[in-house]
Structure formats: C-alpha cells, structure tokens
Amino acid sequence: MARRRVAITGVGLVSPYGGSTEDFFARLLRGESCVRHYATDDKPRALSLPAVRCADFDAEAVLGKALAGGADRYAQLGLAAAFEAWRHAGLTVGGEQEHPDYGVAWGTALGGTLAYERGYRDLWQNGRERISPLSVVLGMNNAAASHMSIRLGLANSCLTYTVACASAAAAIGEACRRIRDGEATVMLTGGSDAPLCYGVVRAWEALRILASGDGDNAACACRPFDAGRTGLVLGEGAAALVLEDWQHAVARKAPILAELAGYGASSDHANLVRPEVRGQIRAIEQALADAGLRPDQVDYINAHGTATPEGDPTEIEALRRVFGEHAAGLPVSASKSMHGHMMGASGAVEAVVTVMALQQDALPPTAHLDVVDPACAGVRHIVGPALRGTGARVALSNSFAFGGSNAVLAIRTDRNDTIA
Amino acid sequence: MNDGLEIVRGFLQKRLGVEPSRVTPEAKLPDLDIDSMILLELFFEFEERLGFTLSRDIPTPKTIGDLLETVKRLRTAKAAG
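As given, the protein sequences belong to chains Z and W, one line each in that order. Be aware that the first sequence starts at 1, since it is given in this note's numbering, and climbs by one per residue. Be aware that the second sequence starts at 1, since it is given in this note's numbering, and climbs by one per residue.
You may find that some hints are simply not true.
[Stated by the list, open to error] Which residues of chain W face chain Z? A partial, calculated answer using Cβ under 7 Å:
hint, residue
1, Arg15
2, Gly17
3, Glu19
4, Leu39
5, Leu40
6, Phe44
Bear in mind the hints are in silico, worked out from the structure with no lab data behind them. Since we're looking at a predicted model, the values are computed, not measured. Note that the Cβ used here is the ideal one computed from N, Cα and C, for glycine as well.
In isolation and in its complexed conformation, chain Z is listed as follows:
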C-alpha cells in the first residue's frame, strides 16, 4: 500500500511587521528587518537589547476578551496564527463541531513564562501572599494546544512538543507522521513563544550569545554567516500550518499549497549547547530519505542560521558534507536575519517562509550578510535581493536546538499536483 502523502493546506502567522502573512513574506523578500531596539524600565537593571516584538498584536481584538484573558501571550500569539491557518485551509473556526480525525501538535520552548514571572514578582517582589488562580493554566506548556483543541473541536489528539529551538519543527514532523500512520486526517501544527520577559532575557544574556546592537543599529543586529556576527536576536512570534491527508484535501477541494514530503529527527548526544555536525547530518539525510530525494534534487535551504559563532559554521559544514558537489550552487538563506529567533516558534515561521518561497518561486535573502565568514563558505548564500525565478520546487527547513535535538523538514511543490 502506497504511503499517505501529506498536503499543506493552510498557513498563518502573527507578523512582527504588523501586517498579513503575505506582507510578512514580501518584506522578507525585500530584505527588511523587523528587529528593533527593545528597552524596559525593569529594576534593578532595565533591559536594553535588539529584539523582535509583535508590537501591533491586539489579542483582545483578534481573539475576544474571554479567550485572550485566559491565555498567556505565547498562547494568544499561537491561537491567532492557528485560526488564520485554519481559515486559510477553508476550515471553520467556532461552532460546536467535533472532529475525531483532526488533531493538534504544537511547539513551544518556553510556554507561559510571562505568567510564571508575574507570579514570582507578586510573591517575592510585591510581597503578596497569593497569586492569580489562572497561573497554572496560563503557564502550562500545553495551554496553547488545548485552547486550539477546544475552540476547533480537535478530538483526535492534543500534543505539545518542547524541544527548545526545534520545538515547532518537531511538532510539524510528528504531526506529519500521525497523518501518514493513518491516525489522523488533519493536523493543526506550528509553534509559538513569547520570550521577552525579564528573567528569560537575563538568562539568555548570561549565555553571552545575544547579538549586540543598540538604537539605529538594532535592525541589522542579526547577521547569520557574516564574519562580523555577534549572536542571535530574541523574538516573539507564532506560525501555524494545516497538514492534511492528500486524498482528504483533494476530496474537499482544499487549496494544496505544498507537500510536506519528509521529516528527519536526530539527537547530537554530545553537548547541551555546542552543536554537533554529525547529528545535523543525520537529520538532513533522514529528511531526504524520508522524502525519497537525492541531495541534488534540493533547490533551497532555509537554514537554522541563528548568527551564533559556533552554530553557523557547523550547519554549513553539515550542508557541505551532505550535498557534496551540489552544495556550492545550493541557495541557502537564514530568514532569522530579519525576523530574529522566535525560539520554539522559529521552525514554524521558517516552514511557512519555505512554503511561500516555493509557491512564489522567490527565495528570501540572508540580510546583513556583508562578508561571508570563511568557515561558512561553500554554499550559495543568497545576499542582496531575493533570488527569483530559479524554478525551485524542493526545499529543506532546518531547526537545530540546544540540547542537541535536530529536526529537518522537506517541503515540495509539484506543478503536476493540484496546487492552488
């Protein structure tokens, strides 16, 4: 029996630029950064760093008071992205329907960390003896997925993956497997995170891997693969995809945007923070094998590319070793250069970027890549304007996490299929 194919029938995200998903992608093609200087008045030492915020996101306006008030920011962002993707797939938000064959698999690295921080502040800083009764349900990592399941009647499964920066990519891959295994016909998937709270930012600062850059320089603070890169830029965000059994999608005349053709997952089993090239190679090769692809059939890589000193050369070395002679001409870009590192959401945001890149035959650049670090050479870095008209049909989206968890998605468009 032939393996079930998995269609991507809807995408959605919360754009830090403030506009639509289409607008988000158009800005990436123009090399426009949404990184801004972020400052707070926290005591004892205010935050001041380049960061990405969804500053225009109005949770009450998008979700209504009741839902927004019962969800922490990571879940609010996730719900907004999820509902957009659901509608994009031609499915209905609201109502009393129960879908035994529809499920959700969500990714988040941090969950409701803002709720926990508010509680700690109340207890220890503000001297209060009790905290909000919502603290547990706002803070729990599966809150976003649970809200989605409740609101959309997703009775099949309600799963949450917490794999640091690979959370969303792992969720997407595992959702794909549920459909292939015949466990579900439709899976809502993606990821969300809201890391801009005092304790989380201070924790990342302590690792000494955040990019420097103040004021006007903030926009170009994230410079993956550049010789002068200084580190990653924290960001909040969310993106969602609707995955669907191909035949189910065709039967209901859903718009098929692309095929999720392969998924590779591996563990470095080496070090909590230092990436390991062999682990990354295994994940990439698994994704290719799962999709039935040869390396020379891949047209584009949306890199993990966080702009850390160690991460970038390791990823490029993995690409050189997997793709061999094909690597030198293989277009590679890191859209994090513009939208920052949205932690557990990044794999979903970049999967959406990859789908749109294939759909529009327009590959976004790595912004602020002025001088390629020799250790990051050996692939075709997309610099300057977007690369258009290459006829790209197959792409990989890489996510490599702290803890050594690697997840790679292979996405394909096929002009012979019913592509909307």
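Knowing the structure of chain Z, use the given hints to seat chain W on it.
Here is chain W on its own, set in the frame of chain Z:
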C-alpha cells in the same frame, strides 16, 4: 450585597465583556459564560477587593445571587469570628 454585585459586574465586564445590566442576582452563571475557572477568578477578585480569604469548601453557586449570599455569609462569619 450591592458592593458585591458591583464587584461582579466590574469583573465580568473587564474579563468577558459582559454587559453589566445582564448581571443580576437572578442570572444563572452559565448564562453569563461563568465556568469553573472564571468562578475561581471571581473568588480571587472578592478576596483581593474585600481583604479576606474564602474557605476552600464553598458550595458551587447556581446564580449570581447565590454567589453574593455565600460571600456575604463568609464575610460576616469572618468579622464575627
């Protein structure tokens, strides 16, 4: 009682967008979208605003009037005790 009603009205308007005129002593909790979590938030609101701690074994009220009576009784008992 009236103070309590105003607390409930203010909370429900802010939290759920419920029109205050709908919040009457006769109103049933489900009709105002008050589920068990919202009820916990309401108890917390009373504790914060009135400055006392409600016991854990409060009977689940059916109406806004039941809720206000319970809070009033516990508050009176606390003051007497």
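Hint check results:
The interface hint given for W:Arg15 holds, since its Cβ lies 5 Å from the closest Cβ of chain Z, which is under the 7 Å cut-off. Hint status for W:Gly17: holds, given a least beta-carbon distance of 4 Å to chain Z, under 7 Å. Using the Cβ-Cβ criterion of 7 Å, the hint placing W:Glu19 at the interface with chain Z is not satisfied: the shortest such distance is roughly 12 Å. Because the beta carbon of W:Leu39 sits about 9 Å from the nearest beta carbon in chain Z, more than 7 Å, this interface hint is broken.
For W:Leu40, the interface hint holds, since its Cβ comes within 7 Å of a Cβ in chain Z; the closest pair sits about 4 Å apart. Evaluation of the W:Phe44 hint against chain Z yields a held restraint, the C-beta minimum of about 5 Å falling below 7 Å.
Hints 3 and 4, counting from the list given before, are not met by this structure.
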